[in-house]
Amino acid sequence: MSWTVSSNGPTSGGQRKDALYVIRQDHWFQLRFALQRMIRTSDYSARAIARARAKLPPDRRNDFRQLLESFARQWSLLGATPEPRPAITPTINDVTIRSIPHAAAMISSRRYYLRFVYTPRPLRDMPSRMEAQLLRECALRSRAWPALLVVDGAVLIPARRDPQAAVLLSAQAAEYARLWQWAGGR
3 MSWTVSSNGP
13 TSGGQRKDAL
23 YVIRQDHWFQ
33 LRFALQRMIR
43 TSDYSARAIA
53 RARAKLPPDR
63 RNDFRQLLES
73 FARQWSLLGA
83 TPEPRPAITP
93 TINDVTIRSI
103 PHAAAMISSR
113 RYYLRFVYTP
123 RPLRDMPSRM
133 EAQLLRECAL
143 RSRAWPALLV
153 VDGAVLIPAR
163 RDPQAAVLLS
173 AQAAEYARLW
183 QWAGGR
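Numbering (this note's numbering), first residue to last: 3 to 188.
Note that these hints are calculated values from the structure, not bench results. No false leads were mixed into what you were given.
Each pair of labels, with its calculated beta carbon distance range: (1) 39 - 182: 30 to 40 angstroms; (2) 120 - 79: 14 to 24 angstroms; (3) 125 - 83: 20 to 30 angstroms; (4) 165 - 71: 31 to 41 angstroms; (5) 59 - 154: 12 to 22 angstroms; (6) 111 - 75: 21 to 31 angstroms; (7) 125 - 177: 18 to 28 angstroms; (8) 47 - 154: 13 to 23 angstroms; (9) 93 - 185: 17 to 27 angstroms; (10) 39 - 185: 32 to 42 angstroms.
Just so it is clear, the structure is predicted and the values come from calculations on it, not from any experiment. Even for Gly, the Cβ is constructed at its ideal location relative to N, Cα and C.
Whenever a hint applies, use it, and build me the whole structure from the sequences.
Shown next, in the form of structure tokens:
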């Protein structure tokens with residue numbers, strides 16, 4: 003089911019003429035679960051890829067097959083060993099945010115907390131930059147290395163300090179705190 007958000011509110015079904023944007027059903031979360039399973043079990047075989055593809059709709063299987071094969075080929079070369087994914091709770095502007103990295107692995111005697119990204123240049127859009135900044139703030143408190151993991155090719159991009167994203171993340175946390183107080187939270 004897809005949702006169309008318009009000036010008259012959300013409607014189920016097809017796109018209307020006055021729609022501002024369309025939220026289409028996608029299956030990236032299923033790819034994320036498959037990647038987490040592959041990393042957790044250290045199984046990068048063709049059988050693991052076939053098992054992950056079987057849960058996807060037919061029109062997305064070829065795209066995800068290419069991503070999973072590219073990931074499995076490169077990730078196995080890194081010699082990563084899986085680590086447990088901790089729940090990390092940083093406090094930003096008096097707001098405690100509970101965050102769990104997509105994956106955690108030991109690579110070259112360093113513990114990495116990873117967030118999967120599916121575009122080749124993830125740090126061009128602000129939401130990805132804010133996610134990287136949040137991951138950075140979470141990981142540094144627990145002595146881990148934060149990194150974005152570009153799935154296509156298993157490329158690690160270190161999450162460096164991004165002042166603009168830090169300001170926006172702080173403003174977003176302040177807005178959440180204001181909304182929480184407005185709704186009667188303490």
